[in-house]
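K.L.:
Letter by letter, the chains look like this.
2 protein chains.
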Amino acid sequence: MKRKVNLGLIGLGTVGVGVVELLQRNNAIIRQKVGTEVSIRAICDKDPNRLRLAERMKITDGILTKDFNQILNNPGVDIVVELMGGYEPARKIVLASIKRGKHVVTANKALLAKHWAEVFSEAQKNKVLVYFEASVGAGIPVVQALNEGLSANKIKVILGILNGTTNYILTKMSKEELDFNDALAQAKRGGFAEADPTIDLEGIDTVHKLAILGSIAFGAQVKLKDVYCEGITHIAQEDIRYGKSEFGYVLKLLAILKVTDGGIDVRVHPTFIPQEHLLTSVNEEYNAVYITGDAVGETMFYGKGAGQMPAASAVVSDIIYLSRNVYNNIAGRVPYVLCDPKKKLNILDINRMETKYYIRFTVVDLPGVLSKISGILGKNRVSIASVFQKGSSSLREVPIIMVTHRAREGAIRKALTEIDRLKVVRKKSRFIRIEEV
Amino acid sequence: MKRKVNLGLIGLGTVGVGVVELLQRNNAIIRQKVGTEVSIRAICDKDPNRLRLAERMKITDGILTKDFNQILNNPGVDIVVELMGGYEPARKIVLASIKRGKHVVTANKALLAKHWAEVFSEAQKNKVLVYFEASVGAGIPVVQALNEGLSANKIKVILGILNGTTNYILTKMSKEELDFNDALAQAKRGGFAEADPTIDLEGIDTVHKLAILGSIAFGAQVKLKDVYCEGITHIAQEDIRYGKSEFGYVLKLLAILKVTDGGIDVRVHPTFIPQEHLLTSVNEEYNAVYITGDAVGETMFYGKGAGQMPAASAVVSDIIYLSRNVYNNIAGRVPYVLCDPKKKLNILDINRMETKYYIRFTVVDLPGVLSKISGILGKNRVSIASVFQKGSSSLREVPIIMVTHRAREGAIRKALTEIDRLKVVRKKSRFIRIEEV
Numbered sequence: 020m021k022r023k024v025n026l027g028l029i030g031l032g033t034v035g036v037g038v039v040e041l042l043q044r045n046n047a048i049i050r051q052k053v054g055t056e057v058s059i060r061a062i063c064d065k066d067p068n069r070l071r072l073a074e075r076m077k078i079t080d081g082i083l084t085k086d087f088n089q090i091l092n093n094p095g096v097d098i099v100v101e102l103m104g105g106y107e108p109a110r111k112i113v114l115a116s117i118k119r120g121k122h123v124v125t126a127n128k129a130l131l132a133k134h135w136a137e138v139f140s141e142a143q144k145n146k147v148l149v150y151f152e153a154s155v156g157a158g159i160p161v162v163q164a165l166n167e168g169l170s171a172n173k174i175k176v177i178l179g180i181l182n183g184t185t186n187y188i189l190t191k192m193s194k195e196e197l198d199f200n201d202a203l204a205q206a207k208r209g210g211f212a213e214a215d216p217t218i219d220l221e222g223i224d225t226v227h228k229l230a231i232l233g234s235i236a237f238g239a240q241v242k243l244k245d246v247y248c249e250g251i252t253h254i255a256q257e258d259i260r261y262g263k264s265e266f267g268y269v270l271k272l273l274a275i276l277k278v279t280d281g282g283i284d285v286r287v288h289p290t291f292i293p294q295e296h297l298l299t300s301v302n303e304e305y306n307a308v309y310i311t312g313d314a315v316g317e318t319m320f321y322g323k324g325a326g327q328m329p330a331a332s333a334v335v336s337d338i339i340y341l342s343r344n345v346y347n348n349i350a351g352r353v354p355y356v357l358c359d360p361k362k363k364l365n366i367l368d369i370n371r372m373e374t375k376y377y378i379r380f381t382v383v384d385l386p387g388v389l390s391k392i393s394g395i396l397g398k399n400r401v402s403i404a405s406v407f408q409k410g411s412s413s414l415r416e417v418p419i420i421m422v423t424h425r426a427r428e429g430a431i432r433k434a435l436t437e438i439d440r441l442k443v444v445r446k447k448s449r450f451i452r453i454e455e456v
Numbered sequence: 020m021k022r023k024v025n026l027g028l029i030g031l032g033t034v035g036v037g038v039v040e041l042l043q044r045n046n047a048i049i050r051q052k053v054g055t056e057v058s059i060r061a062i063c064d065k066d067p068n069r070l071r072l073a074e075r076m077k078i079t080d081g082i083l084t085k086d087f088n089q090i091l092n093n094p095g096v097d098i099v100v101e102l103m104g105g106y107e108p109a110r111k112i113v114l115a116s117i118k119r120g121k122h123v124v125t126a127n128k129a130l131l132a133k134h135w136a137e138v139f140s141e142a143q144k145n146k147v148l149v150y151f152e153a154s155v156g157a158g159i160p161v162v163q164a165l166n167e168g169l170s171a172n173k174i175k176v177i178l179g180i181l182n183g184t185t186n187y188i189l190t191k192m193s194k195e196e197l198d199f200n201d202a203l204a205q206a207k208r209g210g211f212a213e214a215d216p217t218i219d220l221e222g223i224d225t226v227h228k229l230a231i232l233g234s235i236a237f238g239a240q241v242k243l244k245d246v247y248c249e250g251i252t253h254i255a256q257e258d259i260r261y262g263k264s265e266f267g268y269v270l271k272l273l274a275i276l277k278v279t280d281g282g283i284d285v286r287v288h289p290t291f292i293p294q295e296h297l298l299t300s301v302n303e304e305y306n307a308v309y310i311t312g313d314a315v316g317e318t319m320f321y322g323k324g325a326g327q328m329p330a331a332s333a334v335v336s337d338i339i340y341l342s343r344n345v346y347n348n349i350a351g352r353v354p355y356v357l358c359d360p361k362k363k364l365n366i367l368d369i370n371r372m373e374t375k376y377y378i379r380f381t382v383v384d385l386p387g388v389l390s391k392i393s394g395i396l397g398k399n400r401v402s403i404a405s406v407f408q409k410g411s412s413s414l415r416e417v418p419i420i421m422v423t424h425r426a427r428e429g430a431i432r433k434a435l436t437e438i439d440r441l442k443v444v445r446k447k448s449r450f451i452r453i454e455e456v
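Listed in order, the protein sequences are those of chains C and H. Sequential numbering from 20 applies to the first sequence in the numbering used here. Sequential numbering from 20 applies to the second sequence in the numbering used here.
Some hints could be false.
Treat identical chains as interchangeable: a pair holds within one or across any two.
Quick list of in silico lysine to any residue cross-link-like pairs, SDA-like style, CA-CA up to 25 Å [as the list claims (entries may be wrong)]:
1. K173 to E56
2. K242 to A47
3. K194 to V456
4. K118 to Q143
5. K277 to R44
6. K144 to R352
7. K362 to Q43
8. K446 to D384
9. K146 to P354
10. K363 to G54
11. K23 to A73
12. K242 to E221
Keep in mind that the hints were calculated from the coordinates and are not lab data.
Assemble the whole structure, with the sequences as input and the hints as a guide.
P.N.:
The following block contains the structure:
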């Protein structure tokens, strides 16, 4: 048995500092759970100020370096904790660690989502464990739940609110009737949005996380290009308002994965869900993942989806689990996630996907307009469930709002293209997909 | 490496049949996850009809027996799946399995809650794994979450709706304004209450589950006698109604565990919680566990807390995890839960516990009554936050309803004993604790 377990920490940003703090604060219980001491043997960061701070705080009596090779080449390091984020050099570091037989804990969802098959094939080949609980839902232990706790199930549905920034903004838009830009400004002031929030707002961060959950569920990579993606920057306040007041819907940026007869329906977009659904209670920076399995039925996992200590909770829990196995010399004997790089997933094309739609047309207030619009919808086999028209003699443009029965996305798009060419239609029609769970 | 992993199944009741069904239905994914076949080598049940059914359904080509020793003594059985429930002979079977080096999967919360230290000390000593995900919240993987996914945390609070029967009854009492007896009858008709539901109604089943969660959280046994217990049979419809209409509270049978300065506050009783809390959305037979850790903050785990397939989901997920480790010959090298039999937990006496209280007095409608009552409360340092009195000249008895500020349970009980001796008080005063999370 080894005397103690040694970590090499790469990336001393917000989460890195949280990890250091948590390892110190809960040292006694960690030691008890692992059976030995877990110590930080080396820290790497490209920012010399952070290294100086680490030195002053006496975080480690080991190495402080700007060069990650000093960690990769250090035979004393058992576990590499990669917290730098981004694709490169994180990918290089993770793969090099694996090849040198070092286990990995990472919070890097972008890396995993993109290079899933490569990372886990290498891990399996080298009998090394890669743990990544923090990559989805921060401290919510949903990765392990899906991978192990629900492993007896065929996964049927995953619905997730997986991004704190967008959920904060949509909560503000919904509850305080703010416009998108005002809500974004408030999120930035509150520390819930980064200086450049593009990846969050455009849904890309959510796509990363959904691809990870899907890859776990199917034992094969759900690729980024498999996931239809649409962000929230185009969302108008009035649609949130109409959706709620007229139809009882709440808007969320939803990660959706469904196993259908036609293939795996996997997408990220703003989505209306009925007020009664538990996911509508997930507000502000909170995240939740709703998973349906063939045996377990409906489950939900809820918690803070971002933040220093929630992320550190997941990283350190991974460290504890790995360290116990390293200490007992069995880490990597059984792979953590299964990934068959040859397995091809049958992904449903977005145009063949079927759901209900909320549509807002902006039209001139003249007789016959509704008839024209509904005619085109009918011709495309889109059937209307309810209509709300706010007449006004004083305005030249009025909205017509509709909720359809289930229809194919392709049919909706075709119909709207045709409708938007009508002279009586004044603006591009907007649609929001509805998820009735 | 072993050729395949062999199970010995003891107890072919509802859950046992579900486990058999799920092992067959999802055979392909289980095989892939384990890396080899998992087969049922032997089945034991005391009911010959069940054994005949098992024979007719060709569940196993191994042994069918009434005698559990045939499983314990069978060297081919790697994992004993104990699904008979109750204290004995389940305890004997689990301990004998452990001593013979057989790993155990059990759904038996009564057994674990009572004999926690014994079972896990033996397991550790014999390097055997005991998995028990189904014992709390059925298919919700909360045992693993608390034990591993949140292991970096000091656990501060656990709040759980852990019993499907009582939650179903309270949901009916709350939403349909049924009396307790009518709601119970409906639960029985719907299959949500057993013929003798005493253990559920009196809170004992919830105590078992809370003791298990607490024992995981603290690495030492929370004993049954440590947990204050009160069931729901005395709950009056009018208290549910007043709580909601006057104060915005929803009544749940709550499992509560809190780390306080004075010790571990651990109890099960009907509890009012504010309507805004996520737990109030947990209705009918659903369960949820709300866990706060020092790093992760608030989390919640939700799903069906009972039922054949949800329970089978947990049992088979445990079987998959164990089988992978058995197949790779590393099962038991690292213990699953830590249990220090020498560690003494400091449990807070219920009388020293502090919370807010809802109290209903039944009094004669005379001037000065409220003054007398509030005088006695004040003398006992119980301070009133709000009062609701429904005056009526035609009735000889009227209710006075109060919500207090935080007060000690001991003070409340002392005050109520004194108040109930007043001549103007016509019935025993009722109180319900409030949890404002």
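K.L.:
Honestly, which of those hints from before does the structure not fit?
P.N.:
Those not satisfied: there are none.
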